[in-house]
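Chemist: What follows is each chain in one-letter form.
2 protein chains.
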Amino acid sequence: MANLNAAFSALADPTRRAILARLALGEATVMELAEPFQITQPAISRHIKVLEQSGLILRRSEGAKRPCRLAPAAITEIDRWLAMLREALEANYSRLDGVLAAMDSTPTQDRP
Amino acid sequence: MANLNAAFSALADPTRRAILARLALGEATVMELAEPFQITQPAISRHIKVLEQSGLILRRSEGAKRPCRLAPAAITEIDRWLAMLREALEANYSRLDGVLAAMDSTPTQDRP
DNA sequence: TCTATATATGCGCATATTGTTATATAACCG
DNA sequence: CGGTTATATAACAATATGCGCATATATAGA
Chain A
1 MANLNAAFSA LADPTRRAIL ARLALGEATV MELAEPFQIT QPAISRHIKV
51 LEQSGLILRR SEGAKRPCRL APAAITEIDR WLAMLREALE ANYSRLDGVL
101 AAMDSTPTQD RP
Chain B
1 MANLNAAFSA LADPTRRAIL ARLALGEATV MELAEPFQIT QPAISRHIKV
51 LEQSGLILRR SEGAKRPCRL APAAITEIDR WLAMLREALE ANYSRLDGVL
101 AAMDSTPTQD RP
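In the order they appear, the protein sequences are chains A and B. When the letters of the first sequence are read in order and numbered with the numbering used here, they come out as residues 1 to 112. When the letters of the second sequence are read in order and numbered with the numbering used here, they come out as residues 1 to 112.
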């Protein structure tokens, strides 16, 4: 639960989300990731470092290149946390549905 | 896609995530939300403001109280964005499974 | 070895975030 | 009306973040 800080913080930046979206298509190098953006390469390198330290991406070495790819673990962890909220909302909806159904079918029903 | 900045940024703070977790149990007032924490009430008020402005929570007025509850829309939006990564990872796994299956069942299979 | 390519890091600056204290606003209660 | 409760805002300090520029490191290749 500690890494959620870093993971959500990393996701809060649109450049970093765009990088992740690109990585969803497959592994990519720093230069490839930097290409669509107007900011400098050092800035991209730092974004990548943030993503790496947050656990959202993994890297390997291929000569001078350091390709990046998505890291399943962190994404799963985030998903698990959000599931809590999702389920809470679903539960609320169910409850509401129940109330509405009760109102509809049994107006002023007797209940000991 | 614009609100994702604010939403993820809001989620990056553990106090705010704890507030959301509390709200998953149901509506709560500022004082109720502040109770488990050691930080001051103004600090909690500001966390709530951040959550509200990010769209993650909704509020109503009940006399002097301003109870908070989870907002389905923002949470759904986050979920949709993460689904992209989730599906990408699943696709990668499938591809890997395919490769492994091919290696296992048909070593050096001919393919025009 | 010299040079080009790929990536990382240090520095300085502008801006944002978080917490605290003090205070303001709003509604309830007697 | 006056006091209490609930919540918000202002002002300030400390810290963090993001960017560009310049530069360092690492590998490839002639």
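Since the hints were derived computationally from the structure, they do not count as laboratory data. All C-beta atoms, glycine included, are put in the ideal place defined by N, C-alpha and C. Possibly wrong hints are sitting among the right ones.
Label pairs and their in silico Cβ distance ranges [unchecked claim]:
1) B:K65 - A:E62: 57 to 67 Å
2) A:N92 - B:E90: 25 to 35 Å
3) B:A83 - A:A91: 33 to 43 Å
4) B:E52 - A:E62: 40 to 50 Å
5) A:T76 - B:P36: 42 to 52 Å
6) B:I39 - A:E52: 43 to 53 Å
7) A:N92 - B:P36: 32 to 42 Å
Chemist: Determine for every hint whether it applies to the structure shown.
Modeler: Status of the hints after comparison with the structure:
1. B:K65 - A:E62: 57 to 67 Å: holds, 59 Å
2. A:N92 - B:E90: 25 to 35 Å: At roughly 28 Å between Cβ atoms, E90 of chain B and N92 of chain A fall inside 25 to 35 Å, so the hint holds.
3. B:A83 - A:A91: 33 to 43 Å: violated, 21 Å
4. B:E52 - A:E62: 40 to 50 Å: Holds, at about 46 Å.
5. A:T76 - B:P36: 42 to 52 Å: violated, 27 Å
6. B:I39 - A:E52: 43 to 53 Å: This hint is violated: roughly 31 Å between Cβ atoms.
7. A:N92 - B:P36: 32 to 42 Å: Since the Cβ atoms of N92 of chain A and P36 of chain B sit about 22 Å apart, the hinted range of 32 to 42 Å is violated.
The structure fails hints 3, 5, 6, 7 (numbered hints given earlier, in ascending order).
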